[in-house]
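Student: Position chains W, X and D against the provided structure of chain C, taking the given hints into account.
Single-letter residue listing:
Protein chains: 4
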Amino acid sequence: MLNIGVIGYGYWGPNIVRNFNGASGAQVKMVCDVNQQVLNKAKKIFPHIETTTDMEELLRSPDIDAVAIVTPVSTHYKIAQKALKRKKHIFIEKPFTFTSSEAEELIEMAESKDLKIMVDHTFLYTGAVRKIKQLVDENTLGKLLYFDSTRVNLGLFQHDINVLWDLACHDISIMLHIMKEWPSAVIATGTVHFKNDQENVAYLTFYFPSRMIAHINVNWLSPVKIRTTLIAGEKKMLVWNDIDPDEKIKIYDKGVNIESKEGQYKLLVDYRSGDIWVPKLEQTEALKRMAESFVDYVEHGTKIINDGYAGLQVVKLLQAANRSLKNMGETVKI
Amino acid sequence: MLNIGVIGYGYWGPNIVRNFNGASGAQVKMVCDVNQQVLNKAKKIFPHIETTTDMEELLRSPDIDAVAIVTPVSTHYKIAQKALKRKKHIFIEKPFTFTSSEAEELIEMAESKDLKIMVDHTFLYTGAVRKIKQLVDENTLGKLLYFDSTRVNLGLFQHDINVLWDLACHDISIMLHIMKEWPSAVIATGTVHFKNDQENVAYLTFYFPSRMIAHINVNWLSPVKIRTTLIAGEKKMLVWNDIDPDEKIKIYDKGVNIESKEGQYKLLVDYRSGDIWVPKLEQTEALKRMAESFVDYVEHGTKIINDGYAGLQVVKLLQAANRSLKNMGETVKI
Amino acid sequence: MLNIGVIGYGYWGPNIVRNFNGASGAQVKMVCDVNQQVLNKAKKIFPHIETTTDMEELLRSPDIDAVAIVTPVSTHYKIAQKALKRKKHIFIEKPFTFTSSEAEELIEMAESKDLKIMVDHTFLYTGAVRKIKQLVDENTLGKLLYFDSTRVNLGLFQHDINVLWDLACHDISIMLHIMKEWPSAVIATGTVHFKNDQENVAYLTFYFPSRMIAHINVNWLSPVKIRTTLIAGEKKMLVWNDIDPDEKIKIYDKGVNIESKEGQYKLLVDYRSGDIWVPKLEQTEALKRMAESFVDYVEHGTKIINDGYAGLQVVKLLQAANRSLKNMGETVKI
Amino acid sequence: MLNIGVIGYGYWGPNIVRNFNGASGAQVKMVCDVNQQVLNKAKKIFPHIETTTDMEELLRSPDIDAVAIVTPVSTHYKIAQKALKRKKHIFIEKPFTFTSSEAEELIEMAESKDLKIMVDHTFLYTGAVRKIKQLVDENTLGKLLYFDSTRVNLGLFQHDINVLWDLACHDISIMLHIMKEWPSAVIATGTVHFKNDQENVAYLTFYFPSRMIAHINVNWLSPVKIRTTLIAGEKKMLVWNDIDPDEKIKIYDKGVNIESKEGQYKLLVDYRSGDIWVPKLEQTEALKRMAESFVDYVEHGTKIINDGYAGLQVVKLLQAANRSLKNMGETVKI
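Residue numbers (our numbering), protein chains in the order written: chain C, 24 to 357; chain W, 24 to 357; chain X, 24 to 357; chain D, 24 to 357.
Calculated directly from the structure, the hints in this document are not laboratory data. Do not rely on the hints blindly, as some may be mistaken.
Since the list gives no way to pick one copy over another, a pair counts as held whenever it fits inside one copy or between any two copies.
[As the list claims (entries may be wrong)] Lysine-lysine pairs mimicking DSBU-like chemistry, simulated, CA-CA at most 35 Å apart: (1) K356 - K339; (2) K356 - K248; (3) K218 - K339; (4) K273 - K248; (5) K156 - K203; (6) K273 - K218.
The structure presented is a predicted model; accordingly, all values stated were derived computationally and were not measured.
Pulled out of the complex, with its shape left as it was, chain C reads as follows (with noise of 0.2 Å):
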């Protein structure tokens, strides 16, 4: 039975402990936040978990072989190292850190005590990303021609990040996770509207080697929750709409056979446009399914694809990406 500690018990924190306390080989033995009345709510559901609002003694705990720390991206790389200093394993949230650097270092430091590290890319985990990477890996779309999501909704204005460190890390994780490509360049457009200097609209378009093209469309102030990824082979297409509850991915066989004659200025395009495919997805809920991951990772050393390798190829992508936000659609090379 792994033990558990959680740090952070905001707004995503009562789903990590409701998942570990659930998921079968582990259990949540503390909480820990600032806020004693967030702990209060914890305990009215969970009587048998310890609370406190200090760090230390979770951390200090024997009881405690792994923490989970959902706090502000700020706080990640300070109590990651805390943390792997106690020995504990780490499940950290989305984005691993701020800079590639501290992300190496904290890879580092796990490794040399013999720890594990997995990055909360929750979406990695979910029946629709399993089954779009399962197609794509059995090249069922074909060549890959370009990959463009939108991920926009009146969201929670985040006050240490920008709307491409929260959203975009998303697109970039699944991104990087289907496509056997590192992209050659990043472009990113977007801009500030209040004075918190903290960008909330942002458009980023990935260069590829190939032809490949990835855009990302990601935005805290929108009326309405979209998210919806497109992505087309020369063979088939894909759309995914995360909204949608039945339908989540859509496969079309629909495409353009170019052909261009010796001696002929025209391209003769034939349009494919055939039935539709809506695959049955794999229902468990992902963040049960990556917890119980995790467990396996720690306890037998079973090979995950979020762990701080794959949260430091994301990092390195949005520093580049906000580099290039930051000086108005400056190509970064990567």
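Tutor: This is chains W, X and D only, laid out in the frame that chain C set:
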């Protein structure tokens, strides 16, 4: 009765013929196309309309007062010039021309001969755009924050223009019509997937002197048709989903009220999430309304919203965006 | 070339004229309506078509081979009789007649003069119904369990018929076309809300000798347009949403496998919930296809699916349902 | 603090436990189920809650003030009787009982011992039903014309009840809550597809003394989940789509104005088609709100909308509808 000759009976031509034929105050006298087969189709439906494969025959005809030019962009300038020389008013497909100097020359030529030019920016005549324009003019949305438009489908690959000239042209004309600001710079990214050197995917960001930002996502290679525009203001936000037959425009009483108190680092963000309102839109077909405006413009000089000057402004932004696109997202000042 | 005269240029007439005018092998020679204003509209669009307010003029014309009767139901029988007497083939709006004896008389009369009758059950020619018919005929769905159709909107209140004759007429013709079984009884409930004695809401249940059941929900007083039909078979289930422009038909690999073991009171129910498949449908306009079938039927005797006999069967069920409706849900054996 | 014992931890039980556990003023002390495995699951999530397979143990416990009965309908009467004898307040799953006499007996028994009964008609506590109730009470819709509800999905086949008792039960409770009229008759049609003698498809029509009519379509064998209710009034119409996460209720400024002039046979029907309004709904989870109402009801006698009498009325209509269903649509007076 305004007698109209239509040049070009390809994809869009039949709609132009049908609407000018049905418009009160106008009648179509002749249709010209290089393809005799499509002329036969026209003849089957409208036996009373003359047809010809010889454009000169149409332009020479003294019975024809105005010419509708429904041909590829690359031919616009030359045909328009000829028509103006023959003293015909012109109705011309969008985009007006390939360069702003061509557009300026045609405008000057028309004015010197007291002839009229209308550019076919049909969307400006839809119930949806008319309603949005009214809401913005009445300040229902408050100070505008962003304009974000997606216009994608498995489209006709054009041979003489890329997706920017083909599709973004619509969004730019709508943006300029609605907004009261002229952009200061544009950044366009995108890619060519096939060997025709025409970009089939493009993403445009327009920066404005105020903190307003506009983004346009156009794509000829999407399995699904999406035509969604989000317009956010400080008071209210609007979503225009042009695919929805019954609820094209929704106005959301949503937003954030932001306060920053003295001595506080954190913003106080207060989310508003109220009712949604779906205004009833005018149902008249946009093309019909536009055809009748053309008649009024020619016969009584009634001011229109899509004259040569409006067409020229669109061409200017398309040229700037195209330069950025060809230079991998270079910032182009406007 | 089949020369057609159209009687009635009200709500539906313009579609009939447009389609017969565009159909290969046919041409519309004359349009008749009692209202001169609507004839002027027809003349504006189709200057080559003759118009008249005198039905006799049309019926007498030796140039006219077939007559399209697009008038209120109450006039069908008399006009059809006159047209047949004048040796015209007839295309007639649905429902064919008010009583089955009228329909039988017209069929007999036509046969004795070697004339053809087609009843305008347009839906049978849509890509959607053609696909459903094919799937049922190929036994893709397995033994049919139920047919459940909802057809509601804020409709035109008819003066001479109730919502059952107006709207359920469509569903009954589709049901009879697809199913291979004749119902044994009908129960219809509904109500009259206004002082015109015409029911504007009606619910029909048809019982079949097998355990199959059919239900039809029709309503002229719905704020939204719904046109959804569920057809369930033992192997697969189908949803036809006629409002959806792109995904009208979805086939669900869903169902239950039921086993009852000896000595057990409880059933063992095993739910299947697999993929969804959205077949591509033919895109041709149904009215165009029907118009061309009419030409073929008249000129070459090519069998059609909506001849007088098909129209008569629909009338029989409408009569039975209407009797039940008027008697507050009395069971009417068929 | 109200101490609650929960009997039944099958499909719905975990939600009841979670909500009473989280409700302020209440705590779950013990959970009982015949299946030890499901009790182990409860124990994993809530280690502080006692579990037992012996219902008597729970009923005997002096620490328990109220019992939540979350078992099949066929057991309701006996368990409720026992609980009342032990002086426990009861919260009981819907439908209350199988017969109105059982319900009446339980109500009388509770009243004589000053105990409270709440029947779990959860929907009455949703933001949607609360808003509809308010709109009807305020006469926003005007005189009601019809209530038409569809509640279908691929549901759990129940062993002791048919689809009418399982699903139509919801619609009937909502209908009675909203409407101010008691129906005069019911006609129910439907069918049994499998050898369990439980109807899995049913259609109910309720006639009312005014011209109001209500229709309910329930089905356990639908490939898609539909939960749509149309409520039309003379002034406005409303659509409640419970599947839509963001726009559950839409109010349409649509309708007809009907005038019949002297000496005229035809009605003058004037269609109104105006704006649509989507009111913001309360977001609290219905079960949570209901759990807290139960606490208030027991502790302070605060009036509730789903007491034993409300449950009894639903049972009366279910019994009448069931008799009609078993007799192939016989009209049953109420």
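Student: Give the relationship of K218 and K339 under a CA distance limit of 35 Å: within one copy only, between copies only, both, or neither.
Tutor: both (27 Å within a copy, 33 Å between copies)
Student: Classify it for me, K273 with K218: is the Cα-Cα distance of at most 35 Å met within a copy, between copies, both or neither?
Tutor: Between copies only: 28 Å across, 41 Å inside.
Student: State whether the alpha carbon distance between K356 and K248 is at most 35 Å within one copy, between copies, both, or neither.
Tutor: For K356 and K248, the Cα distance is within 35 Å both inside one copy (32 Å) and across copies (33 Å).
Student: Can you tell me if K273 and K248 fall within 35 Å by alpha carbon in one copy, between copies, both or neither?
Tutor: Both, since 19 Å and 14 Å are each at most 35 Å.
Student: Can you tell me if K356 and K339 fall within 35 Å by alpha carbon in one copy, between copies, both or neither?
Tutor: both (11 Å within a copy, 30 Å between copies)
Student: Check K156 against K203 for me: Cα-Cα at most 35 Å, and say if that holds within a copy, between copies, both or neither.
Tutor: within (10 Å within a copy, 44 Å between copies)
Comparing the model with each numbered hint stated earlier shows that all of them hold.
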